[in-house]
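Participant: Top line first, the protein sequences correspond to chains Z and C. Residue numbers are given in full-length UniProt numbering: position 99 of the first sequence equals residue 99, and the series is strictly consecutive. Residue numbers are given in full-length UniProt numbering: position 172 of the second sequence equals residue 172, and the series is strictly consecutive.
Please note: incorrect hints may appear among the correct ones.
The list treats identical chains as one, so a pair stands whether inside a single copy or across any two.
When the alpha-carbon atoms are kept at most 30 Å apart in a straight line, the in silico BS3-like pairs for lysine-lysine are as follows [to be verified]: (1) K650 with K120; (2) K533 with K323; (3) K533 with K120; (4) K323 with K532; (5) K251 with K276; (6) K532 with K232; (7) K572 with K114; (8) K63 with K533; (9) K650 with K323; (10) K533 with K550; (11) K51 with K120; (12) K114 with K264; (13) K114 with K404; (14) K251 with K404; (15) K63 with K123; (16) K251 with K650; (17) K373 with K232; (18) K352 with K264; (19) K114 with K533; (20) K404 with K352; (21) K373 with K51; (22) K550 with K251; (23) K373 with K327; (24) K650 with K161; (25) K251 with K352; (26) K533 with K232; (27) K404 with K431; (28) K572 with K74; (29) K352 with K650; (30) K550 with K120.
In case anyone wonders, no lab produced these hints; they're calculated from the structure.
Protein chains: 2
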Amino acid sequence: MASAPDTTSIPGYTIFREGDYDSVAATAMLPQGVPHPLDQLTIREIPDAAKIVRDHASPRTVKFNCITLREPRKAEYQAFRAGKTAAPDRRAFAIIIERETQQVAEVVVNLKTKKVEEWKAVKNVMPTLTLEDLDVMERIAREDARVIRACAEIGITDMSKVFLDAWAIGIDERWGFERRLQQGLAYYRASEFDNQYAHPLDFSVVADTETEEVLSVDVRTVNGERVPVPLKEHNYLPEFIGDGYIHDRLKPIDITQPQGVSFKVRGNELSWANYKMHIGFNYREGIVISDVRSHDMYEDRERTLFNRISVVEMVVPYGCPEKPHHKKHAFDVGEYGTGLMTNSLKLGCDCKGAIHYMDGVMSTSNGEAAVIKNAICIHEEDNGLLYKHTDYRDGTVISARDRKLIISQIITAANYEYGFYHTFTLDGTYKLEMKLTGMLNTYSLHETEQAAPYGTQVAPQITAHNHQHIFSPPDAVSADHAVGSPENPYGNAFLSKKTPLRTSLEGAADYCYETQRSWDIINPNRMNPIAKKPIGYKILNNNCPPLLAKPGSTVYNRAGFARKPLWITPYKDYELFPAGDYVCQSTGEENHPHNSTIVDWAKRNENIENTDIVCYLQFGLTHFPRTEDFPIMPAEPVSIMLRASNFYEKNPGLWVPPSAICVDTQSTNAFSSSCCAANAPVSSSRL
Amino acid sequence: MASAPDTTSIPGYTIFREGDYDSVAATAMLPQGVPHPLDQLTIREIPDAAKIVRDHASPRTVKFNCITLREPRKAEYQAFRAGKTAAPDRRAFAIIIERETQQVAEVVVNLKTKKVEEWKAVKNVMPTLTLEDLDVMERIAREDARVIRACAEIGITDMSKVFLDAWAIGIDERWGFERRLQQGLAYYRASEFDNQYAHPLDFSVVADTETEEVLSVDVRTVNGERVPVPLKEHNYLPEFIGDGYIHDRLKPIDITQPQGVSFKVRGNELSWANYKMHIGFNYREGIVISDVRSHDMYEDRERTLFNRISVVEMVVPYGCPEKPHHKKHAFDVGEYGTGLMTNSLKLGCDCKGAIHYMDGVMSTSNGEAAVIKNAICIHEEDNGLLYKHTDYRDGTVISARDRKLIISQIITAANYEYGFYHTFTLDGTYKLEMKLTGMLNTYSLHETEQAAPYGTQVAPQITAHNHQHIFSPPDAVSADHAVGSPENPYGNAFLSKKTPLRTSLEGAADYCYETQRSWDIINPNRMNPIAKKPIGYKILNNNCPPLLAKPGSTVYNRAGFARKPLWITPYKDYELFPAGDYVCQSTGEENHPHNSTIVDWAKRNENIENTDIVCYLQFGLTHFPRTEDFPIMPAEPVSIMLRASNFYEKNPGLWVPPSAICVDTQSTNAFSSSCCAANAPVSSSRL
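Chain Z with its partners taken away, still in its complex shape (with noise of 0.2 Å):
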């Protein structure tokens, strides 16, 4: 299966080369209109922005590392939003990796005035892997000689049937900044479709991504003897499953929406029940969800809940301190981008129902645009109960259906999967739910090891290691904001619960399970009418396993963000990737001139009481390998929420007709009534 290298041709993507723009698929693919200030930057923006960068670089080369939407400043988008201006310029955001001197730059591209606004050489860091940079490894190992030979000593000679998933490289002493790692973690697949995560080989291959040489092929020994590749196969697959599905245990269950959905949808703005907010999609964060406002329908006004949603990063840190083990610690959004790894979705198989994709545009490194079909699902979902309420007296019944709103993308992470599903229900409640699912990442046991105490063996000498998944989204939160009126800026919120956090080092806080602790973000500003506390959300977070790693780890100075569930520092324009703007070889230095994090934001100690916060929620779990989980992992939720909290003067749902209405004054057999009209709004009886 290995191939020359291409670098347009990316599995997944459809790359646009000059000359296609007026294809069929890329007319289908241009936005109508002026876009929005946060909209992604469309198929002819991509190259437009990389022809100005290569024209102000040459006669240097450039690699191109990204090409995204720079969001506007907040101010600016304000001041858009308030109709006080008119959008801000159209502007890019590149990293570009000179081929000659492997120097890397920030570029900022104004689209408008086609003016490169910002070149800002940055030192001592490492861009994201592409997807580009990642296939490097498995065609330049299964050609190196130490590679064949560490394959032969185990009786491997068909190099066709060895793969190497390429990792970003969590700590590698022998190299710095002056190589762009990555490492391969090596398999054998018996045949084409046979599942290499039952064969994993003992050695792993250290490669530089820009030079395209391996550098180093650690090949591991147990008393001096090679582990044997365990050669049994389990596999998933159909041709191997074939006569073990059983057809006809599950019907089928149809879910559609013969009236259309709920939603409406104009470019990448989205209206629903009483929401309104923006969907936007980066390489990084992948889907990020902007400006979410509600219709309050007792002050009749809108009203701001959250200015930016997204996943800024997370960490998968393994618990295996034997060597190569120790290098195991994916940062799955900086390192790989979960905007590059997004699965193209299909109908029926991610999601159910009455569906709207939206396409997720990314850039190649030769600056072509790269367009993932269907990176978003937009759907709705029955939600069970938004309320109910019977007075037993007589009977009388009066209830209502709640609806689920889910914006979800699906990434392939090597190995593993990740389904991200942003949530909204009607009574005002936003939930993050991920599911983990895909392979678990295994390696082989020499018959004197065992897998205990850092892992399961999840089948005869293979071990897949203990292993943490905690994910940091932040909520740029404005609690309160009257569109338009600066006088009350947007985002006067702080976050208190009795004991309020004034300063960001405050901010850091700790879960208390004893006094079940919890956290409101709050503006002191405006206090709720009737119930004379401050607006405020609350946070909802049981799923914040702490940092099983040691002060001073590899990985506890690299995710400094996982140390503690909660951060909250003042918003700064730009200030946005806990775990730093790079984070490929990043060590956590403190005080780095060009990779701060988390970390040292707090450590400023700035004021976050009663001004515009970020708050950065970590959430996860801690995931023993089970047999259960091989050969194929069952899918595992884990969410957080953000729940009105005496926000809204009475139950936000109130304008939902209710589904069910039942009086029942003649009888009290339950029998004789049918008193329920499914979807009818109000019975005859009531009114």
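Based on the hints, put chain C in the right spot on chain Z.
Facilitator: For chain C alone, kept in the frame of chain Z given last:
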């Protein structure tokens, strides 16, 4: 709305009297064939049992508190299930109150021999308050001179507008077990369907249930003044919302199963996917799920997962220390009976999709059968991804969708509603989700009073107090059991997570957030041959709020079970209810001869290692009322999970045909392939 008492007319119930048994309704409700030993008593068995009890008691006369199935002893049931013996004789269990003496007795009736097998007088206990019992309060209070005067003093003269929610009494030192007490919380309604919880009155009433006497009218004054009735209306019913509904904003979602449901029901035995189980129901616990088995596709045999699952107790302590609120801590299972309070469900309102309903059969105080039609809802739901993996190299995709089986009931406990959703999924997980909705318990505020810190002002003059909801489902667990193998006795299981819990005192365990404590229920006699760890199920409970009432408080004493998130005791027949068999007016006294609690059981400090155990899992939430919870609460979910942990050899869902298989060897352009074959088991390109 007050009417003369008719003890055989209860809203939502169908009562069968002598001579009714040949009616159409009765025929529809009489099971065909021989009942399963765990089936509810039938509408014929209940009056049969009543007659046997009455004849035995004569000339004394009896009031029936309950007539319910006496489940067979476990050994008897096991022998029957193993095919070694015939079905054990059907037996009824009744709690009766002798009308002449108020003496309480427990009676066991053999329905085959038509004999009373046990008649045990029990002292210093009070049985559950039935709906018939609670009906007393409003009727007698409205006619009581002290109540009429208390109302007149605050300007209410039309007593038909005064409503009293009858509650069990949390504590009242003025009376002991010589009186069967209940308390009435008073409200006003301006019109027939007005929301009374917007008009709480400032007095409460204590009554004797048996003598139907008002014992005390406790009027609260603030600075010597009565508290005016909050008269502002806050309504949620259609006649009040009217034009407030927005009818076209949410389009219908239709969920259908054109080929029918995937589960099969034979009597009360259900099979679905790989699961088999029995669905029971009784007046106290509501749904009881027994004998849950799974067909293990790898071992090709049936394995027992859980012996018996139900919610055996819950407590709702309120946090306001002022009288009369210290009396509010409802035990909704033991004091009222979740079976008795069950709603008759309606398609499209309570449940959506293709539904199978089961009825609940209870008894009246006269010994008649009382049926709640559609008490239990059984349906399937799509559950998103079961698993997915994409090979990033070539875009090969496989995914399958998960499915839920949900067995649910909804109860009305005066102001509150609870939904109980027992859920099984294809990965072997059991989840109990509770949804809390209905009405806040409210109280009026004097103009000099503030709601804080013990409550929230949810509307002017109206406070809703902080409270907790703590649920206690026990799982009688048999970690593994080969049916009919006497050498491997049912339920050989103990609980361990590195630190084995060996005795029931050790089994009263605290949660520890810092170490992410969880518990595995394991069988040390049976190792998973792959993982080399004992087979087990993991308890996932992140929602176990500590009981916030102080040690020594009334509720701490009465709700001993709520002091710990987990208790484990060795299985004993008929030892089931952790707050005691008799919860009304209980004091939590230890070593009560007729009313032992889980605190007593744990103190026996018996072995729980490698024996047949019962796990009591406490979970719930702490509710600080919000303005959004008024005038009717949006449903709030809280759940607990039991997940297979090295119980199966591999992913137990691999028999599920995939919904997506995508192989795209020709092209890396996602646009050119249509590789999702929804519901097609295998795409032709892969075989």
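Participant: Could you run down the list of hints and mark each one as holding or not?
Facilitator: Hints versus structure:
When the C-alpha separation of K650 and K120 is checked against a cutoff of 30 Å, the pair qualifies neither within a copy, at 51 Å, nor between copies, at 52 Å. For the homomeric pair K533 and K323, the shortest alpha-carbon distance between copies (25 Å) is at most 30 Å, but the shortest distance inside one copy (54 Å) is not. Taking the closest pair of Cα atoms, K533 and K120 never come within 30 Å of each other, the shortest separation being 47 Å inside a single copy and 55 Å across copies. In the homo-oligomer, the alpha carbons of K323 and K532 lie at most 30 Å apart only across protomers (24 Å), although the nearest pairing inside one protomer, at 58 Å, exceeds that limit.
Only between protomers do K251 and K276 lie at most 30 Å apart by alpha-carbon distance; the minimum there is 17 Å, versus 37 Å within a single protomer. In this assembly of identical chains, K532 and K232 lie within 30 Å of each other by CA distance solely across copies; the values are 18 Å between and 66 Å within a copy. Taking CA atoms no more than 30 Å apart as the test, K572 paired with K114 passes inside one copy only; the shortest distance there is 26 Å, against 81 Å between copies. In the homo-oligomer, the alpha carbons of K63 and K533 never lie at most 30 Å apart, since the shortest distance is 54 Å inside one protomer and 51 Å across protomers.
Taking identical chains as interchangeable, the C-alpha atoms of K650 and K323 lie at most 30 Å apart only when they sit on different chains, with a minimum of 28 Å there against 57 Å within one chain. Taking the shortest Cα distances, K533 and K550 sit within 30 Å of each other only across copies (26 Å), while inside one copy they are farther apart (40 Å). Taking identical chains as interchangeable, the C-alpha atoms of K51 and K120 lie at most 30 Å apart only when both belong to the same chain, with a minimum of 18 Å there against 92 Å between chains. Proximity of K114 to K264 under the C-alpha cut-off of 30 Å is found in neither arrangement, the shortest distances being 34 Å within a copy and 67 Å between copies.
Taking CA atoms no more than 30 Å apart as the test, K114 paired with K404 passes in neither setting, with 42 Å inside one copy and 55 Å between copies. Taking CA atoms no more than 30 Å apart as the test, K251 paired with K404 passes in both settings, with 24 Å inside one copy and 12 Å between copies. For a Cα distance limit of 30 Å, the shortest separation of K63 from K123 inside one copy, 16 Å, qualifies, whereas the shortest one across copies, 86 Å, does not. In this assembly of identical chains, the alpha carbons of K251 and K650 lie at most 30 Å apart only when taken from different copies (24 Å versus 42 Å within one copy).
In the homo-oligomer, the alpha carbons of K373 and K232 never lie at most 30 Å apart, since the shortest distance is 37 Å inside one protomer and 55 Å across protomers. In this assembly of identical chains, K352 and K264 lie within 30 Å of each other by CA distance both inside one copy and across copies; the values are 18 Å within and 25 Å between. With identical chains, the CA atoms of K114 and K533 are never at most 30 Å apart, being 50 Å at best within one copy and 64 Å at best between copies. Taking the shortest alpha-carbon separations for K404 and K352, both the intra-copy value of 13 Å and the inter-copy value of 15 Å come in at or below 30 Å.
Proximity of K373 to K51 under the C-alpha cut-off of 30 Å is restricted to the intra-copy arrangement: shortest distance 24 Å within a copy versus 72 Å between copies. In this homomeric assembly, K550 and K251 never come within 30 Å of each other (Cα to Cα): the closest approach is 49 Å inside a single copy and 52 Å across copies. Taking identical chains as interchangeable, the C-alpha atoms of K373 and K327 are never at most 30 Å apart, the minima being 34 Å within one chain and 61 Å between chains. For the homomeric pair K650 and K161, the shortest alpha-carbon distance between copies (25 Å) is at most 30 Å, but the shortest distance inside one copy (63 Å) is not.
Proximity of K251 to K352 under the C-alpha cut-off of 30 Å is found in both arrangements, the shortest distances being 15 Å within a copy and 16 Å between copies. Proximity of K533 and K232 under a CA criterion of 30 Å is satisfied inter-copy only: 21 Å between copies versus 63 Å inside one chain copy. With identical chains, the CA atoms of K404 and K431 are at most 30 Å apart both within one copy (10 Å) and between copies (20 Å). In the homo-oligomer, the alpha carbons of K572 and K74 lie at most 30 Å apart inside one protomer (9 Å), although the nearest pairing across protomers, at 65 Å, exceeds that limit.
In this homomeric assembly, K352 and K650 come within 30 Å of each other (Cα to Cα) only across copies, at 27 Å, whereas the closest approach inside a single copy is 33 Å. When the C-alpha separation of K550 and K120 is checked against a cutoff of 30 Å, the pair qualifies neither within a copy, at 36 Å, nor between copies, at 61 Å.
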